Amino acid sequence: MSAASVFIRWCRACLLCVGLGCSWGAWAQTPREAAPLAEDPVVEARLIEISQELRCLVCQNESLASSHAELADDLRREVRGLIRAGKSDTEIKSFLVSRYGDFVLYRPEVKPLTWVLWFGPFVLLLVGLWVLVRYVRARKAQVAPVALSDEQRRRAQDLLRG
Amino acid sequence: MKKFLLPLALFLGLLVFLAVGLQRDPREIPSPLIGQPAPAFRLPTLEGGQTFGPEDLRGKVWLLNVWATWCVACREEHPVLVAFAQKNSVPIVGLSYKEIQPQDEAAKFEPSRKLQVARERSVVWLQRHGNPYVTSVMDLDGRVGIQYGVYGVPETYVIDQQGVIRYKRVGVVTPELLANKIGPLVAELNRS
Amino acid sequence: MTAELGHFALIVGMVVALLQGVLPLWGTFSRAGATRQALMALARPAAYLQCALVTLSFAALATAFLSNDFSVAYVAQHSNSMLPKPYQFAAVWGGHEGSLLLWVLLLSVWTLAVGLFSRSLPLEMVARVIGVMGLVSVGFLLFILTTSNPFERLLPAASDGRDLNPLLQDPGLVIHPPMLYMGYVGMAVAFAFAVAALLGGRLDAAWARWSRPWTVIAWMFLTFGIGLGSWWAYYELGWGGWWFWDPVENASLMPWLVATALIHSLMVTEKRGGFKAWTVLLAIAAFSLSLLGTFLVRSGVLTSVHAFASDPKRGVFILIFLAVVVGTSLTLFAWRAPRATLGGSFAWISRESFLLANSVLLVVATAAVLLGTIYPLIIDALNLGKLSVGPPYFNAVFVPLLVPVLFLMVPGSVARWREAHMSEVLHKLRWPGALALVIAGGALAWGGSHSVGTFLGVALGSWVALGTAQLVIERLRKPGRIGASFWGQHVAHFGMAVVVLGITGVGSYQVERDVRMRVDDQVTIAPYTFILRRFDEVPGPNYKAVRADVEVQRDGRFVEVLQPEKRRYFSSAMPMTEAAIDSGWLRDLYVSLGEPLDDARTEWSMRVYYKPFVPWLWAGVLLMVLGGLLAAADRRYRR
Numbered sequence: 001m002s003a004a005s006v007f008i009r010w011c012r013a014c015l016l017c018v019g020l021g022c023s024w025g026a027w028a029q030t031p032r033e034a035a036p037l038a039e040d041p042v043v044e045a046r047l048i049e050i051s052q053e054l055r056c057l058v059c060q061n062e063s064l065a066s067s068h069a070e071l072a073d074d075l076r077r078e079v080r081g082l083i084r085a086g087k088s089d090t091e092i093k094s095f096l097v098s099r100y101g102d103f104v105l106y107r108p109e110v111k112p113l114t115w116v117l118w119f120g121p122f123v124l125l126l127v128g129l130w131v132l133v134r135y136v137r138a139r140k141a142q143v144a145p146v147a148l149s150d151e152q153r154r155r156a157q158d159l160l161r162g
Numbered sequence: 163m164k165k166f167l168l169p170l171a172l173f174l175g176l177l178v179f180l181a182v183g184l185q186r187d188p189r190e191i192p193s194p195l196i197g198q199p200a201p202a203f204r205l206p207t208l209e210g211g212q213t214f215g216p217e218d219l220r221g222k223v224w225l226l227n228v229w230a231t232w233c234v235a236c237r238e239e240h241p242v243l244v245a246f247a248q249k250n251s252v253p254i255v256g257l258s259y260k261e262i263q264p265q266d267e268a269a270k271f272e273p274s275r276k277l278q279v280a281r282e283r284s285v286v287w288l289q290r291h292g293n294p295y296v297t298s299v300m301d302l303d304g305r306v307g308i309q310y311g312v313y314g315v316p317e318t319y320v321i322d323q324q325g326v327i328r329y330k331r332v333g334v335v336t337p338e339l340l341a342n343k344i345g346p347l348v349a350e351l352n353r354s
Numbered sequence: 355m356t357a358e359l360g361h362f363a364l365i366v367g368m369v370v371a372l373l374q375g376v377l378p379l380w381g382t383f384s385r386a387g388a389t390r391q392a393l394m395a396l397a398r399p400a401a402y403l404q405c406a407l408v409t410l411s412f413a414a415l416a417t418a419f420l421s422n423d424f425s426v427a428y429v430a431q432h433s434n435s436m437l438p439k440p441y442q443f444a445a446v447w448g449g450h451e452g453s454l455l456l457w458v459l460l461l462s463v464w465t466l467a468v469g470l471f472s473r474s475l476p477l478e479m480v481a482r483v484i485g486v487m488g489l490v491s492v493g494f495l496l497f498i499l500t501t502s503n504p505f506e507r508l509l510p511a512a513s514d515g516r517d518l519n520p521l522l523q524d525p526g527l528v529i530h531p532p533m534l535y536m537g538y539v540g541m542a543v544a545f546a547f548a549v550a551a552l553l554g555g556r557l558d559a560a561w562a563r564w565s566r567p568w569t570v571i572a573w574m575f576l577t578f579g580i581g582l583g584s585w586w587a588y589y590e591l592g593w594g595g596w597w598f599w600d601p602v603e604n605a606s607l608m609p610w611l612v613a614t615a616l617i618h619s620l621m622v623t624e625k626r627g628g629f630k631a632w633t634v635l636l637a638i639a640a641f642s643l644s645l646l647g648t649f650l651v652r653s654g655v656l657t658s659v660h661a662f663a664s665d666p667k668r669g670v671f672i673l674i675f676l677a678v679v680v681g682t683s684l685t686l687f688a689w690r691a692p693r694a695t696l697g698g699s700f701a702w703i704s705r706e707s708f709l710l711a712n713s714v715l716l717v718v719a720t721a722a723v724l725l726g727t728i729y730p731l732i733i734d735a736l737n738l739g740k741l742s743v744g745p746p747y748f749n750a751v752f753v754p755l756l757v758p759v760l761f762l763m764v765p766g767s768v769a770r771w772r773e774a775h776m777s778e779v780l781h782k783l784r785w786p787g788a789l790a791l792v793i794a795g796g797a798l799a800w801g802g803s804h805s806v807g808t809f810l811g812v813a814l815g816s817w818v819a820l821g822t823a824q825l826v827i828e829r830l831r832k833p834g835r836i837g838a839s840f841w842g843q844h845v846a847h848f849g850m851a852v853v854v855l856g857i858t859g860v861g862s863y864q865v866e867r868d869v870r871m872r873v874d875d876q877v878t879i880a881p882y883t884f885i886l887r888r889f890d891e892v893p894g895p896n897y898k899a900v901r902a903d904v905e906v907q908r909d910g911r912f913v914e915v916l917q918p919e920k921r922r923y924f925s926s927a928m929p930m931t932e933a934a935i936d937s938g939w940l941r942d943l944y945v946s947l948g949e950p951l952d953d954a955r956t957e958w959s960m961r962v963y964y965k966p967f968v969p970w971l972w973a974g975v976l977l978m979v980l981g982g983l984l985a986a987a988d989r990r991y992r993r
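Residue numbers (the numbering used here), protein chains in the order written: chain A, 1 to 162; chain B, 163 to 354; chain C, 355 to 993.
The hints are simulated quantities; they were obtained by calculation from the structure and are not laboratory data. Some hints could be false.
Quick list of in silico lysine-lysine cross-link-like pairs, BS3-like style, CA-CA up to 25 Å [what the hints assert, rightly or not]:
#1 A/K140 / C/K625
#2 B/K330 / A/K93
#3 C/K625 / A/K93
#4 B/K222 / B/K343
#5 C/K625 / C/K832
#6 A/K93 / A/K111
#7 C/K740 / B/K343
#8 A/K111 / C/K898
#9 C/K898 / C/K439
#10 A/K87 / A/K111
#11 A/K140 / B/K222
#12 C/K832 / C/K782
#13 B/K330 / A/K140
#14 B/K330 / C/K782
#15 B/K249 / B/K343
#16 C/K625 / C/K782
#17 B/K343 / B/K330
Only a predicted model underlies this, so the values are computations on that prediction, with no experimental measurement involved.
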């Protein structure tokens, strides 16, 4: 066998391998894992957490997290910036409250104005339980169980049996 | 048996609140910025080549009117503002809010070209509808609007000589409003 | 002509309702004699006639919709010639005026039912119940005729309608409002029975027994309606939420909570003659909350995604109506209820006391929801500013109140009447209790979470499920027929447990991914993979859509192709998301198409969710509905 023919055979073999390799790659191309929509998932996760407790001001009762309104987009952008700047949740909320008022918070602050709101149900529960206790106690005093007479007992047995 | 009257009493109380509530507008949000200093900013003006900020008008009582060419309601209030500007010496500064909207073709331009397009559109609009403003600033991304608690267009602020916001109107400025609220407030502030 | 016929039928219907309301009741106040009998006997025929007239009116409106009569203003506002026929029919209740007509129709149907199925009741009672329902009908009919007439003409007629809101163009609209209104309106029956009992001075076990099946059926419809609303929001809104504590949702939850308390309280009144005044008050409260809900939703007093377009005139009318109905019934209550006799005595630990605790807890929970819903209104009315009360508040306050309710469900079913022993009860339930704790611990370990909420939710759900199962098995081992009411109770309780487990599961273990995808991209939420295969442009009857084909694989094997869409309706500027969901026994896979991210529309934002246990939410609701049906079908109510 001449050097040339060996060389040519070798070239052909290489080309074959390369060709097979390429087509194999194309055939078994694994789908690419999709990139997250957000640039920074950590910041985004925190944004969602905070904005779920904020109100979209131009919507009919939607949170800032889910609204598609333009102002909501702008406000989310602001909050993102504040998160990146290292602001705390409290600071971010007070940033918005000082510009838009308490209306923007879905979780009302606990202050004298909202004490009835936050503590009312609990107080009502205690009152309810106290009334329940008093009621049961008063009833027991009023209604003494009536003992069955023998006749009544016999009638009851008959009814139960058939 | 007074305890049996309790449900009725509670209900009547509720009824009173509901009746009062009927007369309120749940969408009207009072601004927490009343009594606070007007947030500082420095924005390019409509005329080009200059900037403006609220401290430029320190010592005067003035109005800040948030508007845009795409805002339909602004067209309604604009003649009212023009008439007011002609008769009074109260400076009105316009804040062009997000003139280029997200769905706009121009939204994809680079910033200086975007600003130019916004300026052009605003100038044309003001030529057609009248210009009540001593100057108008361009808030393209709406960030200054957020500083001022803007959530709808149009909105109007009254700012005093110390740069403190004294009044905010969300919605169109009507002649009645000018006559009964804004006019007297401005006069009072100018006196003190 | 049809519209005028419908309008006329409504007017006549109102007159008949007035007669239905006044004459039989007048009869009950008259002295015994032929006149008395005659007046009371008018109740049923009047009810039947009113039902026929209102049905005629409704049919007229439906005809206007189905025949594209755009000279009727309401039709022009809510329909369109390209709207598919089923939605043209459902659009009848797509707006304020038509939905009120639906209300009145269903009220007349309930009244018809009371007339037909009340043979075993004394005529006096029937006269009172139908009379009260007639008066309520008058109020609504008057409201429709004076402020909300669906038959108003639009002249000149529109060439085509504005189309139904795209959000409402969905099977959900066809079924959710009718079911929900059946529930709301059904509470009027319980209310009428309560008022009838007060009027007659007859608050006894018999009244409770008559009242109960009607209340249970109304509760059943309300449960179904609320569940449907949740399910509809879940798949329609595109991001998988199912409860938002929106004022309108709260308006449906409050009557439901009180109705649940009412059903349990009726048990005590029926069996032991106890809690009469309290039960009557609950019945009044349930319907009052239905009416309050109507007010909140239609008066413009609260902002809500759900609210109909509001008009202050309408708000004033409903408020006056509310004041009259609730005011007079509560006055009647204050006057007559003190006369109610006490029932049998009971011990601290007894079925009675458990049911009493259930009442207290559910009423406090209702009060909490009411407080949260109207607090912004109260603060505004007092000129103290504007604030919002949203999901964080309700989740923090309402959910903890449910913990004792769920816990007590099982011992309450075990405890004997009159007197039970706590040690005996707990001993009986030691296995469900222990297993529930083990399962809850297991759930935490499996999910890798340390959440108290998850633990409590799983523990309580398992507790109720296992406890109920044990009770059923024990009873099956004993001889004797088991009544439908037994099955009803336990199926409903079991359903509640399944709902709780579903909520806890999806809340604790849901995975959400917001990604940008091109064709051949994939998202992995183990063990599932979602591969975007292609985009298509798909035309619809009154919209154009972009549809994505997303292939779902599990461990490399093909599961399903999900096809989320983004629709652009011709009549509306806003694009609509149609999510694609693959439901299994244990999980939902939910894909929603977002927005194109480049000009060529080759890359889109997408939302992919893995939602475990969400199907249990819907299954649990269906079980509760089945339970209600079984309970109402018990033989003793059909005697």
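Starting from C/K625, check that the Cα of A/K93 is at most 25 Å away, please. This hinted pair is violated, its Cα atoms lying about 54 Å apart.
Would you mind confirming whether the straight-line C-alpha gap from C/K740 to B/K343 stays at or under 25 Å? With Cα atoms ~22 Å apart, C/K740 and B/K343 stay inside 25 Å; holds.
Satisfaction of hint between B/K343 and B/K249, Cα-Cα up to 25 Å: holds, 16 Å
If you draw a straight line from the CA of A/K93 to the CA of A/K111, is it 25 Å or shorter? Satisfied, since the Cα-Cα distance of roughly 15 Å is no more than 25 Å.
Taking only the CA atoms, is the gap from C/K625 to C/K782 under or equal to 25 Å? Holds, at about 24 Å.
When you check the alpha-carbon spacing of A/K140 and C/K625, does it fall within 25 Å? Answer holds: A/K140 to C/K625 is near 18 Å, not above 25 Å.
For the pair supplied as a hint, A/K140 and B/K222, confirm whether the alpha-carbon distance does not exceed 25 Å. violated, 78 Å
Taken at face value, is the distance from the CA of C/K898 to the CA of A/K111 at most 25 Å? This hinted pair is violated, its Cα atoms lying about 51 Å apart.
For the pair supplied as a hint, B/K222 and B/K343, confirm whether the alpha-carbon distance does not exceed 25 Å. Within the cut-off at roughly 18 Å; holds.
Below or equal to 25 Å on CA atoms is what counts here, so check B/K343 against B/K330. holds, 11 Å
Holds or violated: B/K330 to C/K782, with C-alpha atoms at most 25 Å apart: Given pair B/K330, C/K782 is violated - Cα atoms ~67 Å apart, limit 25 Å.
Pair hint outcome, A/K87 versus A/K111 [Cα-Cα no greater than 25 Å]: Answer holds: A/K87 to A/K111 is near 23 Å, not above 25 Å.
Consistency note: the structure conflicts with the earlier hints numbered 3, 8, 11, 13, 14.
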